[in-house]
Amino acid sequence: MSGCNPEKPANVGEENAPLPAALSEPTYDEGGLQGWLVTFGAFCSLFSVFGTINSAGVFESYFASHQLKDKTPSQIGWVFSLYLFITFFVGVQAGPVFDRHGPRMLIAVGSILSIASWMILGECKEYYQIILDYSVLGGISGALIHTPSFGAVAHFFNRRRGLATGLASSSGGLAGVVLPLMLRHLFPSIGFAWSTRILDFITMGLSVLANTFIRAKLPPSNQVTSVWPDLSIFRNPRLALCTVGNFFLEWGLFVPLTYIVSFAIAHGQGISSAYTVLTVLNAGSLPGRVLPGFLADRFGRFNVLITTTTLCIILIFALWFPAGSSQPMLFVFAALFGFTSGSNLSLIPPCVGQLCETKNFGGYYATAMMFASFGTLTSAPIGGALLGTGNNWKALIIFSGLSYTVALFCFGTLRILVTGWKLRAVF
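In terms of the working numbering, the sequence shown opens at residue 1 and continues consecutively.
Hint data in this document are derived by calculation from the structure and do not stem from the laboratory. Glycine included, each C-beta is placed from N, C-alpha and C at the ideal position. The reader is advised that the hints may include incorrect statements.
[Unchecked claim] Taking lysine to aspartate or glutamate pairs in the EDC-like style, the calculated list, with each CA pair at most 16 Å apart, reads: (1) 71 with 126; (2) 217 with 30; (3) 69 with 126; (4) 125 with 70.
[As the list claims (entries may be wrong)] What follows is a list of derived Cβ distance ranges for each label pair: (5) 321 with 191: 35 to 45 Å; (6) 271 with 205: 49 to 59 Å; (7) 193 with 298: 46 to 56 Å; (8) 402 with 185: 50 to 60 Å; (9) 32 with 328: 38 to 48 Å; (10) 237 with 270: 41 to 51 Å; (11) 326 with 298: 50 to 60 Å; (12) 423 with 104: 53 to 63 Å; (13) 409 with 125: 36 to 46 Å; (14) 402 with 326: 42 to 52 Å; (15) 125 with 416: 47 to 57 Å; (16) 409 with 291: 21 to 31 Å; (17) 109 with 191: 27 to 37 Å; (18) 123 with 421: 50 to 60 Å.
Start from the sequences and build out the full structure, keeping to the hints where you can.
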């Protein structure tokens with residue numbers, strides 16, 4: 001993709017060295033009123049996108065006992081995997097459009113589609129209806145929103161980009177706390193249809209704020225000539241390792257996000273307690289999105305991503321795997337995994353952004369996420385197939401842990417390729 005310079009490593013230095021701007025970068029305000037307003041606008045726009053992702057466990061549990069009770073776990077898993085796949089895959093077209101025309105048109109259209117998706121969902125009764133609305137329409141809206149939201153933030157920050165991106169994406173953690181608690185009370189009291197309409201009203205209000213504040217700083221990039229992915233990224237080991245590592249990161253992440261509620265119910269916990277587990281996980285992800293972003297700007301974005309990925313592996317095998325019916329162990333896992341996995345999504349934009357020029361960030365980030373979308377597409381269905389009708393939870397958990405392990409190998413190899421074995425190098 002034009003604008004990427006794979007031959008020059010970005011942001012590598014000694015422990016206390018500032019992160020230099022990559023390539024021929026513009027001057028950044030590192031905030032300012034407009035920069036922080038754009039970050040707030042991105043926070044509002046991403047509430048719906050990542051709120052849908054972080055609340056998947058609630059909808060998976062509800063669908064399994066209501067509209068889709070005659071479907072297998074694998075079939076239900078396709079609802080959420082297809083949403084994620086479309087969100088990231090269609091982003092490959094949204095990224096170059098952002099680079100060429102800015103974020104405002106994309107955010108506006110995405111907001112309209114998101115509002116329509118929540119409104120229609122309340123009327124969906126059949127499997128195909130839920131797929132078309134929740135997965136397809138909702139996924140397209142997510143694709144049009146999330147890439148330009150991160151891209152707009154990147155226009156105003158370089159040295160503090162990790163912190164700003166973490167703050168913007170923390171709305172997903174907030175949504176993951178608020179929405180499960182809210183839906184737990186709304187579903188039995190006012191029904192599914194009105195519960196989704198209330199989500200729709202919340203989305204409307206936040207969309208107004210997002211469309212008011214999100215804007216671009218850099219002029220349109222004349223280098224953008226195509227909305228299709230640039231497969232040449234796989235010719236360079238650094239870009240290929242980053243992209244493949246992100247694929248396996250998504251593969252591992254969305255297993256617990258999708259199945260943690262059903263896991264709790266299957267091991268003897270009530271519905272209220274099971275929903276609380278997801279709330280605890282998402283509550284942990286709130287500081288888990290912001291603090292690692294702050295540390296990443298200081299110690300290196302890939303360094304922090306490698307550290308949090310390692311911790312995710314440890315938690316999956318040391319706490320989730322043996323948890324069983326132990327409620328305290330499951331809650332501890334949810335809190336700690338929520339914190340360590342919070343950076344899985346929030347650090348990817350600044351990590352991949354340091355491998356290309358900011359004016360081409362949208363296209364490159366979208367291409368990288370397009371390949372990751374195949375991981376999100378297959379993660380939950382594979383988990384559901386492993387789970388089967390016999391509730392083979394051990395196999396599902398091992399699948400998640402091994403996926404994280406492969407991601408760690410890719411990111412670790414990338415770091416060694418760029419910095420060698422220098423443990424103090426900032427990268």
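Against the structure, the hints come out as follows:
1. 71 with 126: With Cα atoms ~11 Å apart, residue 71 and residue 126 stay inside 16 Å; holds.
2. 217 with 30: Status holds; Cα separation ~12 Å.
3. 69 with 126: OK: residue 69 and residue 126 at ~11 Å, within 16 Å.
4. 125 with 70: Holds, at about 12 Å.
5. 321 with 191: 35 to 45 Å: 37 Å Cβ-Cβ, so the 35 to 45 Å window holds.
6. 271 with 205: 49 to 59 Å: Violated: the Cβ-Cβ distance is about 29 Å, outside 49 to 59 Å.
7. 193 with 298: 46 to 56 Å: At 48 Å between Cβs, range holds.
8. 402 with 185: 50 to 60 Å: Distance hint for residue 402, residue 185 is violated at roughly 37 Å.
9. 32 with 328: 38 to 48 Å: 46 Å, holds
10. 237 with 270: 41 to 51 Å: Holds, since residue 237 and residue 270 (Cβ atoms, about 50 Å apart) stay within the stated range.
11. 326 with 298: 50 to 60 Å: 37 Å, violated
12. 423 with 104: 53 to 63 Å: Given a distance of about 44 Å, which is not inside 53 to 63 Å, the answer is violated.
13. 409 with 125: 36 to 46 Å: Check passed, 44 Å falls within 36 to 46 Å.
14. 402 with 326: 42 to 52 Å: Between residue 402 and residue 326, where Cβ atoms are some 23 Å apart, the hint is violated.
15. 125 with 416: 47 to 57 Å: 53 Å, holds
16. 409 with 291: 21 to 31 Å: 25 Å, holds
17. 109 with 191: 27 to 37 Å: Holds, since residue 109 and residue 191 (Cβ atoms, about 30 Å apart) stay within the stated range.
18. 123 with 421: 50 to 60 Å: 58 Å, holds
Comparing the model with each earlier hint shows violations of hints 6, 8, 11, 12, 14; every other hint is respected.
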